[in-house]
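Engineer: Residue numbers (my numbering), protein chains in the order written: chain A, 172 to 283; chain B, 6 to 124.
Treat the hints with care, since some could be wrong.
Stated by the list, open to error - A few chain A residues facing chain B, derived, Cβ under 10 Å:
1) Q202
2) Y207
3) Q251
Stated by the list, open to error - Negatives, chain B to chain A, calculated, CB over 12 Å:
4) A7
5) V9
6) T83
In case anyone wonders, no lab produced these hints; they're calculated from the structure.
Backbone N, C-alpha and C define an ideal beta-carbon position, used for all residues, glycine too.
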Amino acid sequence: QKEVEQNSGPLSVPEGAIASLNCTYSDRGSQSFFWYRQYSGKSPELIMFIYSNGDKEDGRFTAQLNKASQYVSLLIRDSQPSDSATYLCAVINAGNNRKLIWGLGTSLAVNP
Amino acid sequence: GAVVSQHPSRVICKSGTSVKIECRSLDFQATTMFWYRQFPKKSLMLMATSNEGSKATYEQGVEKDKFLINHASLTLSTLTVTSAHPEDSSFYICSARGPGLAGKRDEQFFGPGTRLTVL
Chain A
172 QKEVEQNSGP LSVPEGAIAS LNCTYSDRGS QSFFWYRQYS GKSPELIMFI
222 YSNGDKEDGR FTAQLNKASQ YVSLLIRDSQ PSDSATYLCA VINAGNNRKL
272 IWGLGTSLAV NP
Chain B
6 GAVVSQHPSR VICKSGTSVK IECRSLDFQA TTMFWYRQFP KKSLMLMATS
56 NEGSKATYEQ GVEKDKFLIN HASLTLSTLT VTSAHPEDSS FYICSARGPG
106 LAGKRDEQFF GPGTRLTVL
């Protein structure tokens, strides 16, 4: 079982809709959770980070963390074509030199 | 805040030469820097973790004598690809993490990447 799992997609949503991206992780001791956005040919860009159970909102983005169910999600409201990218979920476990454990990413396409 | 730069952004070299890539944290002190490699349409692969003033910790399967990492200051880490071969052609990306950012604990900020092509 992979440590961090994401649906590879592509996830296709119409412009203006809510895009919902999901991620599950296997290590119950995981402490920090991140969503990165990566455009083709570019490096990852940090979108959201969340450390505690519940929701965290930043502009059009909301990260949701449920440690009991071991999942973290990212909601993008009012999706725009410029949101079309690969979204990478990453997790930090206790110890392990606090390096990021990456999912393979979900490709999102927002259609005008 | 939290800006990381990389230089060069693109390099083309002949097989057998060595290439040095610089990674700088511009507005914070990076106690830890990470080096990744990414092949087209593939996921990020962590190559090594470097802590300022210490030897880098390499991931399994990454040759430390081929990929030399130096993290001599809190704002600069370098990756040298020695005796580069065509199979080393890839997108190399650094990231930096530092304790000095208010309220930020584990976040890694990425440089823009260096695209290496070995002929």
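Engineer: Does each hint fit the structure? Answer for all of them.
Structural biologist: Against the structure, the hints:
Interface hint status for A:Q202: upheld, as the beta-carbon distance to the closest one in chain B is roughly 8 Å, under 10 Å. Of the supplied interface hints, the one on A:Y207 holds, with its beta-carbon coming within about 8 Å of a beta-carbon of chain B, less than 10 Å. About 22 Å separates the beta-carbon of A:Q251 from the nearest beta-carbon of chain B, more than 10 Å, and the hint is not met. Distance check for B:A7 against chain A: the nearest CB is about 8 Å away, which does not clear 12 Å, and the non-interface claim fails.
Listed as a non-interface residue, B:V9 fails to keep its Cβ farther than 12 Å from every Cβ of chain A; the least gap is roughly 9 Å. Every beta carbon of chain A lies more than 12 Å from that of B:T83, the smallest distance being close to 17 Å; the non-interface claim holds.
Consistency note: the structure conflicts with the earlier hints numbered 3, 4, 5.
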